[in-house]
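Participant: Here's the letter readout for the chains.
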Amino acid sequence: MTTVYERRTAPAVAPTARRSPAGPVLALLWAGAAAVVALWWTDTGSVVGTAGWLTGAGRIAGLLCGYACAVLVGLMARVPLLERRIGSDRVARWHAMAGRYTVCLLVAHIVLILLGYAAQDRASVWHETLTVVLDYPDMLKATFGTLILFAVGITSARAARRRLSHEFWYYVHLLTYVAVFLAFFHQLTLGNELSGHTAATAAWYVLYLGVAALVLWFRVLVPLRLNLRHRLRVESVHKEAPGVYSVVVRGERLDELGARAGQFLRWRFLGEGMGWTSTPYSLSATPRQDLMRITVKALGDHSAAVALLRPGTRVWAEGPYGSLTQDRQTAQKSLLIAGGVGITPLRALFETLPGDVTLLYRARTAEDLALGGELEAIARWRGAKVLYALNGPDGRRPSLTAQSLRASFPDLAGHDVYICGPHGFARDLYEELRTAGVPDRRIHHESFEL
Amino acid sequence: MHALKKNRPLRRIVLASAATVSGMVLLLSLKPHSTPDVGLAVPAPSSSSSSDTSGGSGGSATTVSKTVTGDTIQTRWGPVQVKITIKSGKLTEVTAVQYPTDNPRDQEINSFALPRLRSEALQAQSADIDTVSGATYTSDGYRQSLQSALDSARG
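From first to last, the protein sequence lines stand for chains P and L. Going left to right, the first sequence walks through residues 1 to 450 as this note's numbering numbers them. Going left to right, the second sequence walks through residues 1001 to 1155 as this note's numbering numbers them.
Please keep in mind that the hints were generated in silico from the structure rather than gathered at the bench. Just so you know, not all the hints are guaranteed correct.
As the list claims (entries may be wrong) - Derived, one-sided and incomplete: chain L residues facing chain P with beta-carbon distance under 10 Å: (1) R1008; (2) R1011; (3) M1024; (4) S1034; (5) E1093; (6) V1097; (7) I1109; (8) S1111; (9) D1128; (10) I1129; (11) D1130; (12) V1132; (13) A1135; (14) Y1137; (15) Q1144.
Being a predicted model, the structure only gives us computed values, none of them experimental. For each residue, glycine too, the CB sits at the ideal point set by N, CA and C.
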């Protein structure tokens, strides 16, 4: 089933991809870690005996762990540079990876320091542990902070997370702020490289207060301003396909949001018990001055409740976030591949992306195609092509292989390919595209799979 | 690495851990592992030709042992002063003669700081010892008093 319309509008000028700041940001973060290790290096005279080795390693682990905690919180501070230019998904993956590493450093720090101190005092580890926790200044606080961090780590492990509700995980995760705060003080009073070193202490304060300022600004004040300014309410809810609904949200001066095609916002519908969860949904059209629209598939409790939203319900939104935008474009031709409700951001891109654009829409049946009418209209208006990949009458899945893709797009490697859909779908497609010779830098995708 | 590439979390964890551990071991091994000789030898009495340590007879050298008290150092929390014993050119004992005891907090801190400072000094055989976390001022005072004691023992 293919629909081709004659081109009426000429494609815009050849795009040049905006460079992602991911490289410089990562370099900066690693440089910070190196600086922290350098702090230990300059402050340490000699490493003598078992106790010296253990304590030394424990101190390096502790310093790195303290630094990593600040980085972890900073990465999730919703800083626009990270969310929009590097991509919320990528930053979330960095956060998850750094989080696992931090928990390991934390365990290493505790074990090595206790063993080292015990060796130095010729005391039993158990006795040393009690002394350190109960007698050392700020250590009770730090112990509580550590327990919280372990709880956060355990609830975030893949195996545990699958069994826990999103809300439970989220609220345990929010306790990270408390944990980092509690653990901060022992770093200053007990940290061998910080305590009594004015410059190092000042740098540590700058790091932590800087991160706190980022959180306060971008997670609290910016959303507050956004919602006071735009005053969002549900305008209407439309059924697009079985289980797929569009929510139209009315607000003031929405053009000033700066939301671009392909981006998403985090939505909180204040009413009917839904205000507790904020969920990311992509805009399925570029916002107008007074209206914007998301399209949602009823998958979980939250998205199912979206179908029942009453007009007038107040909405709290944060964003726009996401980097699956025109900025990623490197070539004149683009292929957008949607799997199911993954059509939402691609529908917006299909309308606005410059150059030659083709949309390939994978769904089970024609009935499951959401926004079909609009897609046809956009295709006609801009002279683009929409291809549908539906199951056969016997339920057979269409083949989206390297071969079949290359047959439809002889110049496949010269395309930018935007993918949005379920993770398995995207991953299979990625393998096929790579086989077909499309380079990594031309495969654009956003995934919240950690 | 592309986000859609099949990643192997286990391999990554093993690699990251191995890299961290070897980095730490490398850093620690690059540091000196013995404390520098600070010339602690107490000059033996010139009349003796042997450095016999078992109590000899007559006027010949006996066990070379010396006790020196260091300067009193005023710290923010009170005075700190140490007394050292040097036997055969080795620092064998450090005792804190004075240390802050004005409040329970001081006592608590000293109860863990002083033994650690002592063992560090004995291990280092010098005043080149780390500040005990949580007892910065006491450590500073201890170090200075110890240094002055060592200086006068040497001189």
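Participant: Each of the hints needs a verdict: does it hold here or not?
Facilitator: Status of each hint after checking the structure:
no.: 1; hint: R1008; verdict: violated (13 Å)
no.: 2; hint: R1011; verdict: violated (13 Å)
no.: 3; hint: M1024; verdict: holds (5 Å)
no.: 4; hint: S1034; verdict: holds (7 Å)
no.: 5; hint: E1093; verdict: violated (16 Å)
no.: 6; hint: V1097; verdict: violated (22 Å)
no.: 7; hint: I1109; verdict: holds (7 Å)
no.: 8; hint: S1111; verdict: holds (7 Å)
no.: 9; hint: D1128; verdict: holds (6 Å)
no.: 10; hint: I1129; verdict: holds (9 Å)
no.: 11; hint: D1130; verdict: holds (6 Å)
no.: 12; hint: V1132; verdict: holds (9 Å)
no.: 13; hint: A1135; verdict: holds (9 Å)
no.: 14; hint: Y1137; verdict: holds (8 Å)
no.: 15; hint: Q1144; verdict: violated (14 Å)
Hints 1, 2, 5, 6, 15 from the earlier list are contradicted by this structure; the remaining hints agree with it.
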